[in-house]
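Next come the chains, spelled out residue by residue.
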Amino acid sequence: MDHAPAPPAPGRPTTGSVVLALDDVSKNFGAVAALRGARLELRTGEAHALVGENGAGKSTLVKILAGVHGPDSGRLLLDGREVTLDNPAAARAAGIAVIYQEPTLFPDLSVAENIFMGRQPLTGGRRIDRKELASRCRALFDRLGVRLDPDRPARGLSIADQQMVEIAKALSFDARVLVMDEPTAALSGVEVERLFTVARSLRAGGAAVLFISHRFDEVFALCDRITVMRDGQWVSTDPTADLTVDQVVRRMVGREVASLFPKIDVEPGEVVLEVRGLTRLGVFADVSFDVRAGEIVALAGLVGAGRSEVVRAVFGVDAYDSGSVRVSGADLRKGSPAAAMAAGIALVPEDRRQQGLVMELSVERNATLTRRWKLARFGLLSARGERATAEEWAARMHVKAGKLSDPVSTLSGGNQQKVVLAKWLSTDPRVLIVDEPTRGIDVGTKAEVHRLLSQLASDGMAVVMVSSELPEVLGMADRVLVMHEGRLVDDIPRSRADESAVMLAATGQGGTTAVAS
Amino acid sequence: AMVLTTAACGGTTRGEDEGSDAGAEATASADPDAEIPADLAFAFLPKQLNNPYFDIAAEGAESAVAEVEGELNVTGPSEASASSQVSYINTLTQQGAEVILTSANDPNAICSALDQARSGGAKVVTFDSDTDPECRDLFISQATSEGIAQAQIDIMAEQIGGSGQVAILSATANATNQNAWIALMEEYAAEEYPDMEIVATVYGDDEDEKSFQETQGLLQTYPDLKGIISPTTVGIAAAARYLSGSEYKGQVALTGLGTPNQMREFVKDGTVTAFALWNPEELGYLAAYAGAALAAGQITGEEGETFEAGELGEYTIEADGTVVLGEPTTFDADNIDDFDF
Amino acid sequence: MSAAGTKAPSPAPVDQAPEHTGSRGATLVQRLVVVRELGIFAALLLLVLVTVIANPRFLSGQNMRDLLLSASILTVLAAGQTIVIVTRNVDLSVGSVLGLSAYASGTLLANAPGTPVIVVILAGMVVGALCGVLNGAIVAIAKVPSLVVTLGTLYAFRGLDSLWASSSDRLQINAADLPASFKSLGGARLLGIPVLFLIAAAVVLLVGFYLRNYRSGRELYGIGSDPAAARLSGIPVGRRVLVAFAVNGALAGLAGVLYAARFQTLDATAGTGLELNVVAAAVVGGVAIFGGSGSVYGAALGALLLTTIGTSLPQLGLNPFWRDAAVGALILAAIVLDRTLSLRLARRLRGRNLRGS
Amino acid sequence: MAVDTAPATPAGQAPAQRPQGPSRLRLLGTGDGVITFVLVAFLLVAGFTVEGFASSRNTGFLLLDVVVIMLIALPLTLVIVTGEIDLSVASTVGLTSAVMGQLWFSGLPLELIIPICLLLGAFLGAVNGFLVTRLGLPSLAVTIGTLALYRGLAFVVLGDRAVADFPRSWTGWALSSIGTTGIPVVVVPLLVLVVLTGVVLHATPIGRSLYAMGNSEDAARFSGIGVERTKFWLFVVTGAVAALGGIYWTLRYGSARADNAQGLELQVIAAILLGGVSIFGGSGGLVGVIAGALLLGSLRNALQLVNVPSDVLNIVTGVLLIIAVVTPQVAAAVRGRRRPRGRPAAP
Ligand SMILES: Nc1ncnc2c1ncn2[C@@H]1O[C@H](COP(=O)(O)OP(=O)(O)OP(=O)(O)O)[C@@H](O)[C@H]1O
Ligand SMILES: Nc1ncnc2c1ncn2[C@@H]1O[C@H](COP(=O)(O)OP(=O)(O)OP(=O)(O)O)[C@@H](O)[C@H]1O
Ligand SMILES: [Mg+2]
Ligand SMILES: [Mg+2]
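As you go down the protein sequences, you meet chains A, B, C and D in turn. To get the working numbering, take the position in the first sequence, counting from 1, and add 11. To get the working numbering, take the position in the second sequence, counting from 1, and add 9. To get the working numbering, take the position in the third sequence, counting from 1, and add 143. Mapping of the fourth sequence onto the working numbering: position 208 corresponds to residue 192, and the numbering continues sequentially without gaps.
Don't read these hints as lab results, they were simulated from the structure. Remember, it's a predicted structure, so these values are computed and weren't measured experimentally. No residue lacks a Cβ here, since even glycine has one placed at the ideal position from N, Cα and C. Any given hint might turn out to be false.
Distance ranges between label pairs, derived from CB positions [as the list claims (entries may be wrong)]:
(1) B:Glu68 <-> D:Pro93: 23 to 33 angstroms
(2) B:Gly259 <-> C:Pro322: 17 to 27 angstroms
(3) C:Lys286 <-> B:Asp346: 30 to 40 angstroms
(4) D:Pro99 <-> C:Ala197: 37 to 47 angstroms
(5) B:Glu336 <-> C:Ser311: 33 to 43 angstroms
Generate coordinates for the entire structure from the input sequences, incorporating the hints supplied.
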């Protein structure tokens, strides 16, 4: 994978030739019409954004480009000629590299093998040249500014690192078309910047980059043109320069979106959650904080700072080595999510596919899973009772689903997230912990989630919100707790919370204020 | 009066046996001159199907059944387990078999199934491996257990000069026959050849590979071993093959029970001098005739009754409803080519 | 549209990327792989040592030869099974395939005693490969769990075997029916080492080399590690799995011929119940039952260890009834050890992600 | 299954038809539905064509042969639904049987032996459960190990002996039937257990959590389900029920032996898989399992009655198992191919 250094770009080639185009493509999954006459046109040397609400069909479109799914109807044009991509290998041969929304790594294999699977450099005897493999891998990582050992197994990589490996993999193809489905969802600022630098150099080298993201700042910073999709249909394609965020959002949603951060000010009540000296060796140390009723406390920090690990330990999914957790004054048994639930804690986990939902079970089973004992009469469940509860919550959360008896896997990411929220809110918790509640969620839904959190807090719930999105943290939180390398380094009240204060603390340069006790 | 007493006796010994009327047949009196009815339905149920030994026995049964103009159904499980045998006995009961010839995988486990078959009117003859005497009408013993045990010990003693260490390679640890023989062998050897020492009994489970490995283990563990007795056809063949390919060939004597076809090679190459076995074909033949005689009413299974077994001649029922085929044959280089089974 | 309308500021730059250490991981990982196999090797040595102390004749040439001979068939099967297990599949039908191939080669030799040994071996492998292709095709095309499919073919192949045996005129093929040239293979030695074992060793080395050094070999690990990711990465999953089963079948076929050469008594029960031993050998040898990791060398050591237990228990003077129990205990010990080691590795990898605590 | 065969349906009508089409297809497509249908069809055909099949005595024989398989299949189904497996059940039967024989031989009364054996079974299950849930080992590997271990211990306990002098009052009960129906008495307690297990699996919060764990252990844990604890107790129950099977086996055959029920695990698993339970966990139902066990049992019974050799029986069993897993896949593929054609282009 010798990457010739990109030739210096002679200005932005805005009108390159069309490399790849989708024309009037439709795709159905059972009763769900994921795409209905979708359109897309990628030109050489452009970065093209694809935006749309959750479930608009972006990932499905990507999978058609990647040869994972075949379209039910419509045409796929490569250099103006119609092609059919029967499998991922065919797409790859056609010069299309894809970073999928969900990481696709082999946990048992080394990072280097993950990147070059099926394309490992060979020696004369068609054997794998391991030395060359490692050095190419290292070269890629240098380009991305990642420090990862090529020989370590992919198992145990943080989500961010997994994403970096995916990006390295896509880069290694030297592809004419690079498709990135929400590559930045798990990345922090530096990593996003590096990714953008690489994407720009690819673009300068004449490749087409398709970029999907729910973060408009990124879309506007990187892309030359923006295609908007709604309900599986093409809505518009325009140069970025001709658009504002407001316009894009309106086209995506098809309606006006209310304020994104509808924070309601509440007078905090009693302390509900007390965490004292929580330590898990090698992961986080001496974490102490309080959360009051009606308060939204954000847990901020760089990716990998240990925030998720802390809230998981609080909820009892992970064990901790020392420290204590108290809810409304009563000690919480450690290592037991059931005990945490009984005490009134709810946790919306960061990885909804793995942790939040049982993907193969129906929407209704998922929504009622946390309440299965409450719904039972004399130990027995009635299908009608479950259905009624599920319907009620689906309506309250505006879940867009075909049928409630369909597997939750058929829902789009955002709607899945709503099901997770429903599942936990229905337990009527006193403390709601949400880990990356809006990761990969479109603006419309995001606003709904924020309004909901705000509403819940004003009704007296204590909310802990782990988020990697600064605007969200600043817009929603009464207090911002900042973590750095496994330690709580700062506690910033809303009045003092601004970008630079949080970022300084998160990078370990802020004053290590003694934290609430 | 004699008949009545028998019935009463049957009643008392089965004091707890509620509901089972298996003993009822014993009330019929023997009529030595009764004709064997034509078209009798025979069933031959070996321990396991596709086992060469039982295949030969089935051939014997087949010729006997042909002679009495009956019909033979050879059936059975593909693995030698008592539970699957029970299932086949039940099927035979349901099919209305009139004579069941079987070799038991477990002396007790198939009892209740046999009882049920008998209460449905079937005559049950066991051969080769017996059940509890209460559950069958007759047992055809391949030879007396004493005869078998003594023949093997005698052959071994002759080869090793009556003294030294000897080990036994048996079939499965549960095999009824082998366990009885081994006990008798130990007894007989202690009496007759005090210098012969039986140092170990190992089990090859009637699996070729396991028997092979056990032989190997024996030779390693007992460097002074003079001989191996394997009272099972699978075991002796495996042991012979091991010896013939090792440095122990000709040094360690081997005998036991084997079929001439399996052992021919090793007798010719000098690994084995002599071994014993009855003729399984005759065993099956006799069992079928005994079954026919029972069904015809010529005999009832009482001690002392006699019946005619085709070309094998007349047999007398001994104690416990046992009929003995005869003494085992000893095979050696001189006579082995006269046999083909 | 207040917050979204004003372009959200791009994330503030941070001065350094999350820290990751360099080459220590490599040595650690490699060390672990070695340690895994070393662990089994150490257990093997320990067992031999104990046995030798109890019975010095254990180390005699004859006994060592016998041991290697006994292990060779299981080793070939374990090598094949590893290929399949690595892809997150399993083949329970190997015992039946071995039986079918053994009976087929016996029949071939009994009917045509002049057949050269190499042709017999090829014929046995073809029979096995056909069975393997059938397994693999059902698994790959119908996308059904291999455990179920091969449980089915375990019954079906065995049934075919005994149907064949009972309908032919030779229910059992004995040493006398086989030509001397073939029988000599069973006891033949090269430089004092049994030829059967040399064949097994060659198989292990070949398979091991292939799995480690060829793209398609690595893809097998990828498939086992995450089948969905493998599909997205453009690996022809179905084809690779089919080939894995076919190769495993061919090796089971080869094992069948070796079985025929060694035991020389062939009927429809050859290899019954062997499948669990084979899987156990692989598992004891550190091949993860859910695919993606483990090596064929480990599996071969596992096979050797299981065989050694079988032969050393009687020589230790232990009641033969203890054999199964000892094998079971050993399997448990092996997986517990393996688990402990990989947990330790995971902890160290995690620890190195985060510094300062 | 002939639904959606008319691609020419006017667009307006199609939606009205669609909801019922797939759902009917789905009912037939699930393991439960298919296997029950096949069982009923087979019983009808065999009843009319196989002589001696449809009699009360034969019903008794048939049921006695599947009682232990069905009994052990109950807890094992739950285990498999959670995505685990227990291959050691038959060895637990063997060890229980051996211990029962040894204790009886040494003079203990059965009233005492039976609870001891049940406790032993629970303990053996707890060992599996401990290794799987506490040490996080894969249950397939663990139970291959305990399969060998427990069977080996059975031989250590009883060796080459068989203990057979159990009292007739007990062994007679194991075989007796209800009046003249031919239906064995043990079917009654078995039926109670079947209903109990069915209710637990399909209509209680516990059942829900089993399916959740089987599909995604992580998600179940994050939903407050005590995954480890539940699995541990499932293994314990499986061990105890296998022990119950061992006690019954010993009484039914009147013989305690170390090799009792050898290889039974494969038959039990075959019945469960035939019943449409996914070996990967998370799907399947108890009705299917019961139907699967009955189908295997009655198929063997009927084929034996018409003198089909046991070799062919094995082939039939194997092929049936494969068909059972392949059919739903083929059905799904056919469904998947048909639907787009039957759909209107755009609503
Ligand atoms: N394999 C599948 N089976 C059934 N339905 C599916 C499948 N994949 C996607 N869908 C459905 O297709 C629609 C489009 O989904 P897609 O994942 O393309 O949305 P998206 O735009 O990527 O959303 P997000 O921003 O949340 O990732 C959704 O309604 C989804 O439920
Ligand atoms: N499964 C895992 N195995 C090993 N290490 C892990 C695992 N999950 C997380 N880690 C590591 O633990 C540390 C804390 O991760 P955690 O996910 O808690 O961070 P976070 O601050 O919540 O970041 P994120 O935004 O990714 O959720 C990181 O260094 C991460 O790499
Ligand atoms: Mg998407
Ligand atoms: Mg996190």
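Hint-by-hint comparison with the structure:
In this structure the hint that Glu68 of chain B and Pro93 of chain D lie 23 to 33 angstroms apart at CB is violated, the actual value being about 49 angstroms. About 24 angstroms separates the C-beta atoms of Gly259 of chain B and Pro322 of chain C, a value consistent with the hinted range of 17 to 27 angstroms. Against the hinted window of 30 to 40 angstroms, the Cβ-Cβ separation of Lys286 of chain C and Asp346 of chain B comes to about 58 angstroms, which falls outside the hint. Here the CB-CB span from Pro99 of chain D to Ala197 of chain C is close to 41 angstroms, well matched to the stated 37 to 47 angstroms.
For the pair Glu336 of chain B and Ser311 of chain C, the beta carbons lie near 34 angstroms from each other, so the given range of 33 to 43 angstroms is met.
The structure fails hints 1, 3 (numbered hints given earlier, in ascending order).
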